[in-house]
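Got chain A; can you put chain B on it based on the hints?
Protein sequences, first through last, are from chains A and B. Here the first sequence is numbered in the numbering used here, starting from 1 and rising by one per residue. Here the second sequence is numbered in the numbering used here, starting from 1 and rising by one per residue.
Errors might be hidden in some of the hints.
[What the hints assert, rightly or not] A short, non-exhaustive set of chain B residues, derived as facing chain A with CB atoms under 8 angstroms:
# : residue
1 : I44
2 : R46
3 : A104
4 : V189
5 : V197
6 : A198
7 : T211
8 : A261
[Stated by the list, open to error] Incomplete in silico selection of chain A near chain B, CB under 10 angstroms:
#  : residue
9  : L30
10 : L84
11 : A142
12 : V171
13 : E181
14 : A198
15 : M206
16 : T216
17 : A239
18 : L256
19 : R259
20 : L278
Calculated from the structure, these hints are not laboratory results. Computed from a prediction, not measured in an experiment: that's the story for all the values here. For every residue, glycine included, the Cβ atom is placed at its ideal position computed from N, Cα and C.
2 protein chains.
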Amino acid sequence: MNRDRYRRLAVVGVGLIGGSVAAAARRRGLAERVVGVVRSAERIGRVEACDLVDEVTADLAAGCRDADLVVIATPVGTIAALALEAAEHASADAVLTDGGSTKAGIVAHVTRRCPRFVGAHPLAGDHRTGPEAARHDLFDGAVTVLTPTDDNPDDAVGAARRFWEALGSRVVTTTPERHDELLALTSHVPHVAAAAVAATTPADAMPLAATGWADTTRVAGGSPDLWREILLANPGPIAAGLRRLATEIEAYAAALDRRDADALQRLLTEGKRRRDALGS
Amino acid sequence: MNRDRYRRLAVVGVGLIGGSVAAAARRRGLAERVVGVVRSAERIGRVEACDLVDEVTADLAAGCRDADLVVIATPVGTIAALALEAAEHASADAVLTDGGSTKAGIVAHVTRRCPRFVGAHPLAGDHRTGPEAARHDLFDGAVTVLTPTDDNPDDAVGAARRFWEALGSRVVTTTPERHDELLALTSHVPHVAAAAVAATTPADAMPLAATGWADTTRVAGGSPDLWREILLANPGPIAAGLRRLATEIEAYAAALDRRDADALQRLLTEGKRRRDALGS
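The following block holds chain A by itself, in its conformation from the complex (with noise of 0.2 angstroms):
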């Protein structure tokens, strides 16, 4: 499926995405080396235990030296000035991607610079980070969102399509402003409602929760800092959406007040049937 082959893939961000890319591309053998970015000297060696790249370095410039093929896999609020940086270092006809969960302000910022870069957001993910949760088969079956605009050249735009593909993904190709509305209700608004419902159970009923809980909450696990970020690049639909949920929880609370047997029986069924779009 994939043709291409690259020379040097650096991947700036070894976490749990930047990790599992550079062991997905070591995998399926997509790139003849493979360099880890960190952001500083001390987690060098965290990354090299893991065993996700042959190089590890925390010096930018000379970790995207010639690199052919760039992932900026950063928490989002660094990955346009990363990607703006890591171009001057790479091959002048490098293609460079990202693995950000919010696209409209990181391609408005950096492909009019720099219009090798192909804004990405692959749907995979983990409450847990770090390079020790990375793994190969991360984006197996995954959907990736490829979010070019007119200023990306088509060959650039096709690399970066092959590139997430061949990582295991399915891709499908959106305006970064578009993916942001959309994100918003399908991952960030369920991150503050799993987030809201966790913090507004007190300590002393948690003996009683049991799966119902778990799996509701589950997601309320993620790291504070990457969830304060994705949620301040993308703040006009997150901020929409929770009042629309707002709105509907409140609608459960009134017909409860009435005890509206009918009122609960079309809200709990207009919930399972979206739910039941998806699959367990």
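Relative to chain A, chain B alone:
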């Protein structure tokens, strides 16, 4: 651990919970004969096909006649009436218990009239329902909440406790009212949150729903009929919990409006702290 062996266990309502009680009791040899009572003759064949009980009947009087242990495992709105009716036919020294997700209303209605009824709620479940989903290990490692009152004789409470323990669960005891307050927060409010997240996700966003959405909304796949009754049986604590949840969600939306990173960090950290107290 369990020195009791019953002559005849009648399980009224052979769905996920009742079927699992029957299967676990048979597997562990807790009764000489396990009889399933279903609501209508049409359901007899379906339950027989699942091989959960020794005998199935749609005749409550016949099924409960001379039973020395009765478990009512029907939807919460029907438990009280069925428990009182079952008690008329069961052996005079029979112990009765149930599997209802709410306790205050049921216990208040039944226990004074029938002091050998000891309210119980096994915190085990599944978004699937019906006898096909039943399994003998459903209660292994689960908590069962027992809600005895001063009306219950000690021997009935002890027998109910030993029975739920013998099914594989760990029994904790509290009042019916306290049970309902706590379960509102650990189960009923999370269910509504899951259903509300699902219902407010538009159909055209669903192709971008991934594991986070799937986890957060999983319980919304449960039966609207069952959950309508659970919500209506515990309206006060649930409505109060939902309004606390809506306030928490609004705090996120307000923090997003202000681009308030510190507030978001605080909110997310509190959610993670509570979530991490449980484990995966």
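Tested hints:
Violation of the interface hint for I44(B) is found here, the shortest Cβ-Cβ separation to chain A being roughly 27 angstroms, above the 8 angstroms cut-off. Hint status for R46(B) relative to chain A: violated, with the closest Cβ pair at about 21 angstroms, above 8 angstroms. The beta carbon of A104(B) comes no nearer than 15 angstroms to any beta carbon in chain A, farther than 8 angstroms, and the hint placing it at the interface is violated. With a cut of 8 angstroms, the hint placing V189(B) at the interface with chain A holds, because the nearest CB-to-CB distance is about 7 angstroms.
Taken as an interface hint, V197(B) checks out: its beta carbon lies about 5 angstroms from the nearest beta carbon of chain A, inside 8 angstroms. At a threshold of 8 angstroms, the smallest CB-CB gap from A198(B) to chain A is about 4 angstroms, leaving the interface hint in force. With a least beta-carbon distance of about 7 angstroms to chain A, the hint placing T211(B) at the interface is held under the 8 angstroms criterion. The beta carbon of A261(B) comes within 6 angstroms of a beta carbon in chain A, closer than 8 angstroms, and the hint placing it at the interface holds.
Checking L30(A) against chain B by beta carbon gives a least distance of about 23 angstroms; that is not within 10 angstroms, so the hint is violated. Because the smallest distance between the Cβ of L84(A) and any Cβ of chain B comes to about 23 angstroms, over 10 angstroms, the interface hint for this residue is violated. With a least beta-carbon distance of about 7 angstroms to chain B, the hint placing A142(A) at the interface is held under the 10 angstroms criterion. For V171(A), the interface hint is violated, since its Cβ never comes within 10 angstroms of a Cβ in chain B; the closest pair sits about 12 angstroms apart.
For E181(A), the interface hint holds, since its Cβ comes within 10 angstroms of a Cβ in chain B; the closest pair sits about 8 angstroms apart. Taking 10 angstroms as the C-beta cut-off, the interface hint given for A198(A) holds, the closest approach to chain B being about 4 angstroms. Taking 10 angstroms as the C-beta contact cut-off toward chain B, the hint placing M206(A) at the interface holds, the least distance being around 6 angstroms. For T216(A), the interface hint holds, the least distance from its beta-carbon to any beta-carbon of chain B being 4 angstroms, beneath 10 angstroms.
The interface hint given for A239(A) holds, since its Cβ lies 4 angstroms from the closest Cβ of chain B, which is under the 10 angstroms cut-off. Taken as an interface hint, L256(A) checks out: its beta carbon lies about 4 angstroms from the nearest beta carbon of chain B, inside 10 angstroms. Look at R259(A): its Cβ gets to within about 6 angstroms of chain B, closer than 10 angstroms, so that hint holds up. The beta carbon of L278(A) is positioned within 10 angstroms of a beta carbon in chain B (closest approach about 6 angstroms), and the interface hint is therefore held.
Checked against the numbered hints listed earlier, the structure breaks hints 1, 2, 3, 9, 10 and 12; every other hint is satisfied.
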